[in-house]
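For the sequence shown, position 138 (counting from the first letter as 1) is numbered 192 according to the numbering used here, and the numbering increases by one without interruption.
If you are wondering where the hints come from, they were derived from the structure by calculation, not from laboratory data. Certain hints may be false.
What the hints assert, rightly or not - List time: in silico DSBU-like cross-link candidates among lysine-lysine, alpha-carbon distance up to 30 Å: (1) Lys197 <-> Lys161; (2) Lys161 <-> Lys436; (3) Lys319 <-> Lys304; (4) Lys164 <-> Lys191; (5) Lys164 <-> Lys124; (6) Lys222 <-> Lys164; (7) Lys124 <-> Lys90.
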Amino acid sequence: MRVLYINSVIDFGSTGRIVRDLANAQTESLVCFGRKTGRSEDYRMTALPGNIEGALAAILFDRNGFANRKETRRLVALIREYDPDIIHLHNLHGYYLNIETLFDFLKQYKKPVVWTLHDCWSYTGYCPYYDAAGCEKWKTGCKACPYPFAYPFSLFKQHTSENYERKKQIFNGVGKLTIVTPSVWLKNEVQHSFLSAYPVRVIPNGIDLKNFNPEGRKKNGTFSILFAASYWTREKGSEEIQKLLPLLNKDIRVVIIGQGSEAFKNAPNVTALPRTSSQAELAGHYRNADLFVNLTLQDNFPTVNIEALNCGTPVITYATGGSPEIADEKTGAVVPKGDYKAMAELINRLSTENPFLAAECEARGKRFSVANMAAAYASLYKELYTISD
Numbered sequence: 055m056r057v058l059y060i061n062s063v064i065d066f067g068s069t070g071r072i073v074r075d076l077a078n079a080q081t082e083s084l085v086c087f088g089r090k091t092g093r094s095e096d097y098r099m100t101a102l103p104g105n106i107e108g109a110l111a112a113i114l115f116d117r118n119g120f121a122n123r124k125e126t127r128r129l130v131a132l133i134r135e136y137d138p139d140i141i142h143l144h145n146l147h148g149y150y151l152n153i154e155t156l157f158d159f160l161k162q163y164k165k166p167v168v169w170t171l172h173d174c175w176s177y178t179g180y181c182p183y184y185d186a187a188g189c190e191k192w193k194t195g196c197k198a199c200p201y202p203f204a205y206p207f208s209l210f211k212q213h214t215s216e217n218y219e220r221k222k223q224i225f226n227g228v229g230k231l232t233i234v235t236p237s238v239w240l241k242n243e244v245q246h247s248f249l250s251a252y253p254v255r256v257i258p259n260g261i262d263l264k265n266f267n268p269e270g271r272k273k274n275g276t277f278s279i280l281f282a283a284s285y286w287t288r289e290k291g292s293e294e295i296q297k298l299l300p301l302l303n304k305d306i307r308v309v310i311i312g313q314g315s316e317a318f319k320n321a322p323n324v325t326a327l328p329r330t331s332s333q334a335e336l337a338g339h340y341r342n343a344d345l346f347v348n349l350t351l352q353d354n355f356p357t358v359n360i361e362a363l364n365c366g367t368p369v370i371t372y373a374t375g376g377s378p379e380i381a382d383e384k385t386g387a388v389v390p391k392g393d394y395k396a397m398a399e400l401i402n403r404l405s406t407e408n409p410f411l412a413a414e415c416e417a418r419g420k421r422f423s424v425a426n427m428a429a430a431y432a433s434l435y436k437e438l439y440t441i442s443d
């Protein structure tokens, strides 16, 4: 079976790694990407001038996804020539293609299309996430957007409501499209959106278990908790951490990893470390922690939770997005989103009575492997291909 993948990036970030893992699992595949670099056999849709064009369309005119017609017409020609059995879409935002041109083609295409949603951008007028602001305007038209400077950044938010209506028209009407979400939470959101006419499957993201496992897990005697993110922002929980730290028992050691961690370096018992690109180094931090704490205020299916579990570390998280779906009652706990006082009480209690076992955490984490993810997608490809044959 021949599968063509489309994503903003490849071999970079969580979506780039997921697409590479899925492509590697296929006998025949072609990866089409928009930014950064790939392998020689991959197809980069948009050179730097095109990326600048897409970025300027978003920044100056609030038109993310509506530039790059020329590049997208070339992509359509490539798809016709390659003649894939399945087209698998991933992130379509990211300053590299024209959604109108692509979907005009897909509506005429006679073969199955799979679209994995890694965030909420597909059914909003602007943002990829809205739950940190408690916004539900995506259900009615995205008027008066409360995200003035969020990604994809725009100086002038004059077209958000119009973008919503255009995307609604553009994205609907593809005859053989199946949506996949990594979390049950996002599936439920999609089913309340203007994409609700499409069938939705849940296939959790998976990670490479070779890099994350409990081997060499250490106990230092001092109870320690770990926070990790690529970039610390309010949405990822930076302000929540600031409020939480003064409430923790004085003998709890805290490690915070990620760009922006220096904001916490003067807090007592805190070790602030920069973002690391080394999975081996990150896995070592997971293994050394007694708890992994995730105070994210908006998320789909955070990979950090999966990584922690596979290193034998239980996960304590806010009830945000799909984050609570990764651990269970034997491997973690969930606190209402934003209730940092309840989170502090839970951590303090677990510092003296920790009921979680590393073996159970690892067993739970193994469910979210690359192999399981790839097998689930292969099964879906086969099902859709058989139906369309």
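Hints, verified against the model:
1. Lys197 <-> Lys161: Within the cut-off at roughly 28 Å; holds.
2. Lys161 <-> Lys436: Since the Cα atoms of lysine 161 and lysine 436 sit roughly 21 Å apart, the hinted pair holds (cutoff 30 Å).
3. Lys319 <-> Lys304: 16 Å, holds
4. Lys164 <-> Lys191: 34 Å, violated
5. Lys164 <-> Lys124: Cα-Cα ~23 Å, so holds.
6. Lys222 <-> Lys164: 21 Å, holds
7. Lys124 <-> Lys90: 19 Å, holds
When each numbered hint is compared with the structure, a violation occurs for hint 4 only.
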